[in-house]
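Asks: Listed below are the residues making up each chain.
Protein chains: 2
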Amino acid sequence: MKIGILGTGDVGKALGNGFLSRGHEVKMGSREAKSEKAAAWVKSAGAKASAGTFADAAAFGEVVVLSTLWEGTENALKLAGAENLAGKILVDTTNPLDFSKGMPPRLAVGNTNSGGEEVQRWAPKAKVVKAFNIVGNAHMVDPKFPGGPPTMFIAGNDADAKKSVTEILTAFGWETIDAGGIEASRLLEPLCILWVDYGVKSGTWNHAFKLLRK
Amino acid sequence: MKIGILGTGDVGKALGNGFLSRGHEVKMGSREAKSEKAAAWVKSAGAKASAGTFADAAAFGEVVVLSTLWEGTENALKLAGAENLAGKILVDTTNPLDFSKGMPPRLAVGNTNSGGEEVQRWAPKAKVVKAFNIVGNAHMVDPKFPGGPPTMFIAGNDADAKKSVTEILTAFGWETIDAGGIEASRLLEPLCILWVDYGVKSGTWNHAFKLLRK
Chain A
21 MKIGILGTGD VGKALGNGFL SRGHEVKMGS REAKSEKAAA WVKSAGAKAS AGTFADAAAF
81 GEVVVLSTLW EGTENALKLA GAENLAGKIL VDTTNPLDFS KGMPPRLAVG NTNSGGEEVQ
141 RWAPKAKVVK AFNIVGNAHM VDPKFPGGPP TMFIAGNDAD AKKSVTEILT AFGWETIDAG
201 GIEASRLLEP LCILWVDYGV KSGTWNHAFK LLRK
Chain B
21 MKIGILGTGD VGKALGNGFL SRGHEVKMGS REAKSEKAAA WVKSAGAKAS AGTFADAAAF
81 GEVVVLSTLW EGTENALKLA GAENLAGKIL VDTTNPLDFS KGMPPRLAVG NTNSGGEEVQ
141 RWAPKAKVVK AFNIVGNAHM VDPKFPGGPP TMFIAGNDAD AKKSVTEILT AFGWETIDAG
201 GIEASRLLEP LCILWVDYGV KSGTWNHAFK LLRK
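Residue numbers (our numbering), protein chains in the order written: chain A, 21 to 234; chain B, 21 to 234.
Hints may contain errors.
One copy or two, it doesn't matter: identical chains are merged, so the pair holds either way.
Result set (SDA-like, lysine to any residue): computed pairs, CA atoms no more than 25 Å apart in a straight line [claimed, not checked]: (1) K68 x G219; (2) K164 x E103; (3) K22 x A128; (4) K234 x V129; (5) K234 x F165; (6) K98 x V129; (7) K98 x A67; (8) K121 x R233; (9) K164 x I197; (10) K234 x T196.
Simulated from the structure, these hints should not be mistaken for lab results.
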């Protein structure tokens, strides 16, 4: 298969190498026709690798991978050309990251509030800890899964309160990861929908998230 | 420990039973002092279980669990009383669910757009499939984790395109779950931030999500 890659960063190189390792041809595209980064990658990547402009890569690919920095994404797609992408699979690996407040980044698009933050506003003197919201009630206590225990992510502004809730979760059979302040509920509530959507689609309700670590 | 539960639904009962099973005392609170659901639960749950109003449960608990339907949450906290919650841990298990468009629900708060949807708007003729955005580039191809393979969630509007991307992901060593249309990017992009936040906090970058299933 012919793969076009839009972007010369680490993601583009990693996926480019991945496609090459599976026998595909890969053209890496960048803003300039003669990108040093793309040329260096082609040199190391071998005969099935090539480079060109965004438009070249988009025209080349049967599947096109979008792996640009967020702030360059709209322009990269413009340069790639709507007709070069028409009808093709465009694998969007990007995230709309806002680094304006430093590390870690926040989402620049559509992730602006959460129920957890509302609850903290409604109960301002309480030490709110978001927990148990990413799994169905049948699995909240003694969750038993192959490959478990699953992971409960929690969020809250008070470290001692999170420590106490972690002890409760441990007693209930969970491993716990502290996702940050109560605004991290913005990250956990979408997991509820992902959990529910999978249940609706599969007709099963026996699933839970885990963060694999090594 | 004394636990107050705000709400008499399945979550309140499941967690109430969980706390009782670990030897704690539990008071279940509801809008009416004489809730039939709470009374039935107390009858089945034994001597360490009791029931009362939201205010009774909040006053009773050293730890208070919030397990109301979203539309009743603000009022439940008002009825519980700010002073009864002051300084206490409030475990927020709620999700701000909007069922107005049927099942599955959407988030009613703060989850209104995504990079994936923007990309689909910028490349309207392409078959955009969100993928590879929830893990670092070092693990995008041949991800090796204890308990793996990890799960890649994907989103997009074209079923055939998602099938092709699933084949790519399988070849790269992933198990794949189709999270829905491109608007499901709203659920996947927060996972990127959760992934990055854990990396920043732990100083490690060798982790990936998995949906445990049985």
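Asks: All hints, please: hold or fail.
Replies: Structure-based check of each hint:
no.: 1; hint: K68 x G219; in the structure: neither (42 Å within a copy, 34 Å between copies)
no.: 2; hint: K164 x E103; in the structure: neither (50 Å within a copy, 38 Å between copies)
no.: 3; hint: K22 x A128; in the structure: neither (32 Å within a copy, 42 Å between copies)
no.: 4; hint: K234 x V129; in the structure: neither (31 Å within a copy, 35 Å between copies)
no.: 5; hint: K234 x F165; in the structure: both (19 Å within a copy, 6 Å between copies)
no.: 6; hint: K98 x V129; in the structure: within (20 Å within a copy, 32 Å between copies)
no.: 7; hint: K98 x A67; in the structure: neither (29 Å within a copy, 68 Å between copies)
no.: 8; hint: K121 x R233; in the structure: neither (27 Å within a copy, 37 Å between copies)
no.: 9; hint: K164 x I197; in the structure: both (18 Å within a copy, 21 Å between copies)
no.: 10; hint: K234 x T196; in the structure: both (16 Å within a copy, 21 Å between copies)
Hint violations for this structure: numbers 1, 2, 3, 4, 7, 8, all remaining hints satisfied.
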